[in-house]
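Asks: Just so we're aligned, residue 1 is where the first sequence starts under our numbering, counting upward by one.
Hint data in this document are derived by calculation from the structure and do not stem from the laboratory. This one's a predicted model, so the numbers in the text were calculated from it and none came from an experiment. Worth double-checking, as some hints may not be accurate.
Computed Cβ-Cβ distance ranges for the label pairs, DEER-style [as the list claims (entries may be wrong)]: (1) Val121 / Asp12: 33 to 39 Å; (2) Leu112 / Pro17: 33 to 39 Å; (3) Gly59 / Pro191: 35 to 41 Å; (4) Val121 / Pro62: 35 to 41 Å.
Positions of the beta carbon are idealized from the N, C-alpha and C atoms, including for glycine.
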Amino acid sequence: MGRSAGGTALIDLLAGPVLPAARGLLGCLLSAGDVTVRLTEVEAYAGTAGDPASHAHRGRTPRNAVMFGPPGYAYVYFTYGMHWCMNVVTGPEGEASAVLLRAGAVVSGIELARSRRRSTVDRDLARGPARLCSALGIDRTVYGTYLLGDGPVRLSPPASPVPPSTVESGPRVGVNGAHDRPWRFWIAGDPTVSPYRRHTPRRPTP
DNA sequence: AGTAGGATAATCT
DNA sequence: GATTATCCTACTG
Numbered sequence: 001m002g003r004s005a006g007g008t009a010l011i012d013l014l015a016g017p018v019l020p021a022a023r024g025l026l027g028c029l030l031s032a033g034d035v036t037v038r039l040t041e042v043e044a045y046a047g048t049a050g051d052p053a054s055h056a057h058r059g060r061t062p063r064n065a066v067m068f069g070p071p072g073y074a075y076v077y078f079t080y081g082m083h084w085c086m087n088v089v090t091g092p093e094g095e096a097s098a099v100l101l102r103a104g105a106v107v108s109g110i111e112l113a114r115s116r117r118r119s120t121v122d123r124d125l126a127r128g129p130a131r132l133c134s135a136l137g138i139d140r141t142v143y144g145t146y147l148l149g150d151g152p153v154r155l156s157p158p159a160s161p162v163p164p165s166t167v168e169s170g171p172r173v174g175v176n177g178a179h180d181r182p183w184r185f186w187i188a189g190d191p192t193v194s195p196y197r198r199h200t201p202r203r204p205t206p
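Construct all of the structure, not just a fragment, from the sequences and the given hints.
Replies: Written out as structure tokens, the structure is:
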């Protein structure tokens, strides 16, 4: 139970290094209430281990505290004054690495997801980290909950394994530095993968 | 098609 | 007081 074809449980994958964990999360199913999404795009963040783009890079704060705990928990943060985004905590306790869930395809509960996202096509329902959370109804109440048990949000292994040859990687989206690290992973050719956009610097307000 | 700018509030220095 | 792991709308070609 809970073991994929390779014989590795999901929790063991999440407990290991962040890059294999990120790849392994592709194709996984994320359920919240009656809506289920198949993950198609993720990004790895290495915490304090020399990753300036991570929220945990400058050390532990009340907001990022859950990232320093054991793997398999949800790190949910609020950004730009209106959006929620969700990470899965990885690595051993004490190491603040995590994987940002960037996009997915709605495979169940699509009518409920549609009702939460107005005037958009189905492909865009969970295309982008904030849209994904919105489609699933994820907010601050999910912060710190365990994803591999009977919580409000549940993560389960892929229904069918994702062939490694269909996984591509590239630079992360929306971050200022560290463009040399191809730590964004996605399923090649999937229409729900968000287009690459470089971070747009904001001009100083007049 | 692609890009530019505004919305809007918690978090950190 | 500055910054932000974004999304949406409106504009240009």
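Asks: Is the hinted range of 33 to 39 Å satisfied by the C-beta distance from leucine 112 to proline 17?
Replies: 36 Å, holds
Asks: I want to verify a distance hint. Is the separation of the beta carbons of valine 121 and proline 62 within 35 to 41 Å?
Replies: 38 Å, holds
Asks: So the hint says 35 to 41 Å: do the beta-carbon atoms of glycine 59 and proline 191 match that?
Replies: 39 Å, holds
Asks: Look at the Cβ atoms of valine 121 and aspartate 12 and judge whether their distance stays inside 33 to 39 Å.
Replies: Hint holds: Cβ distance 37 Å, inside 33 to 39 Å.
The structure agrees with every numbered hint stated previously.
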